[in-house]
Amino acid sequence: MKRSKEPLVWALFSSGGMLAALVLPALAFVLWFGIPLGWVPAPSYEALVAEIGHPVAKLVLLGLVTLSLFHWGHRFRYTLYDGLQLSHLYGMIATLCYGGAAALSLLAAWVLWTFPLP
Amino acid sequence: MSYHSRVDRRWATRRAANPEYEPYHPKWHRKRVPIFWWLERPSYTKFITRELTSLAVGYAAVLLMVQVWVMARGPGAYERFLAILASPAIVAFHAVVFLFLLFHSVTWLNLAPQALVVRLGGRRVPDRVVLAGHYVAWLVATAVVAGYLLWGVP
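Protein chains in written order, with the working numbering: chain A, 1 to 118; chain B, 119 to 272.
The shape of chain B in the complex, shown without the other chains (with noise of 0.2 Å):
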């Protein structure tokens, strides 16, 4: 039996598993993709920052509930917690954790007028105007997070 009827064969039986299976080549000619290809060229490395920018967003949901439940175990847990996040070691990472977190917002709000067509009285609104709308939500929105956390409901 040839190699590729043997190799074939074991591929039809894993698509018969898995229907989402994949066959994967390794024999056929391809040209080699270096793992640091997204280093290559500034537009790359930009593509794989805002990719990453999905881990400072599960971080910080993480944190959010470590945050929530350590509350839940009292005003002295939560003073420990408040001097954690102060030492300088914590600080730094955050640092990072929120320049990521800034980077995900400005590149999402960015592409915002490309994912969304909005028309009023059967004429396009204008990409910028659905752009500065995105961005003045994002200014109402930190609004209402900060006051809220900061006063409460008046």
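For reference, chain A alone in the conformation it holds in the complex (with noise of 0.2 Å):
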């Protein structure tokens, strides 16, 4: 019998949801907030790339994203099946959810690798 491999996305969903909750709204208001509308006093442009590009920093920020990616992924998929009544189109929007998850997880990763080392 096939195995089902929904243990391992709802893995994948639970763990991105947990570590999205901890982080992302520190990161969104740091990032996106404070340093453009200069209410922190921002690091400069080395600082921030000496921090980014630690590798340990990169290591964290690759298993935020691609987490978040498929928390993304799993969730939104099944809003479609409920919110939208199209679960007439399970195949087409798994394949959609976990394949642009997977897509942008590997686009990340090459974002990463690339990024200059301090």
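Mixed in with the good hints there might be a few duds.
Stated by the list, open to error - Derived pair list, reagent style EDC-like, types lysine to aspartate or glutamate, alpha-carbon separation capped at 20 Å:
| id | chain 1 | residue 1 | chain 2 | residue 2 |
| --- | --- | --- | --- | --- |
| 1 | A | LYS5 | B | ASP245 |
| 2 | A | LYS58 | A | GLU46 |
| 3 | A | LYS5 | B | GLU140 |
Unchecked claim - Just so you have them, the derived chain A footprint on chain B, three or more residues with Cβ under 8 Å:
| id | region |
| --- | --- |
| 4 | 181 to 191 |
| 5 | 237 to 249 |
| 6 | 252 to 259 |
Derived from the structure by calculation, the hints contain no laboratory data. For clarity, every value in this text was computed on a predicted model and none was experimentally measured. Just so it is clear, CB atoms sit at the ideal spot from N, CA and C, and this is done for glycine as well.
Using the hints, put the two chains back together into the complex; each one sits in its own frame.
Quick look at the structure:
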């Protein structure tokens, strides 16, 4: 019998949900309000590059972004099924959601891999 | 051949091609669910709002990577990116995104005691302690992230 992939994608959904809940508001507030609007003493370009370029920071970012994307893929899949009554498009929606999350995760890995070391 | 046996045969072939195929029965009597069913009650609307927070989470992940990609292209590119982030339309949009991110955090952490049963010394830790622990974790994570971004590792 074919084993269900539901436990795997649920684990990705749930760990992504927890990470996103804990760190995304802080990241969003500092990076997209605090620094551009001058609400906080902004670090210099060089300092920010050094912070992002640190190998541990890159690894944490990759984990955060990948799991957040799969959190989106899993939850949005069911939003489309239930919210828009599209359960008859089961296969296509699942492929688009998880495929999209996987493709964007690969892109994120490339962005972080090629990021200059401080 | 009757309508139903024709339809049954079609489902059988589709199921053979795709084991996850769910038969759709357009001719059976079923109550039509209107597409805006989630506006009928506040609890439904809250449910769909919570589900839609996934869009904000996905957007934040993508924007984070866009920002890292821009930073790799030098200080000039970063300056231009900051100017875009400070434009009123983007600030307004990001305010909505930020509210959705907060809604995700609150609804997610509030469910933690139901998802996680913690036992210490054979006794179950009360739900409100598990809940408080998660909110403390949120506070600590926020301080660590903000501190690292603003001051780096001292």
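Do the hints match the structure? See the list:
no.: 1; hint: A:LYS5 to B:ASP245; verdict: 30 Å, violated
no.: 2; hint: A:LYS58 to A:GLU46; verdict: 16 Å, holds
no.: 3; hint: A:LYS5 to B:GLU140; verdict: 17 Å, holds
no.: 4; hint: 181 to 191; verdict: holds (count 8)
no.: 5; hint: 237 to 249; verdict: violated (count 0)
no.: 6; hint: 252 to 259; verdict: holds (count 3)
Against the hints set out earlier in the document, violations occur for numbers 1 and 5.
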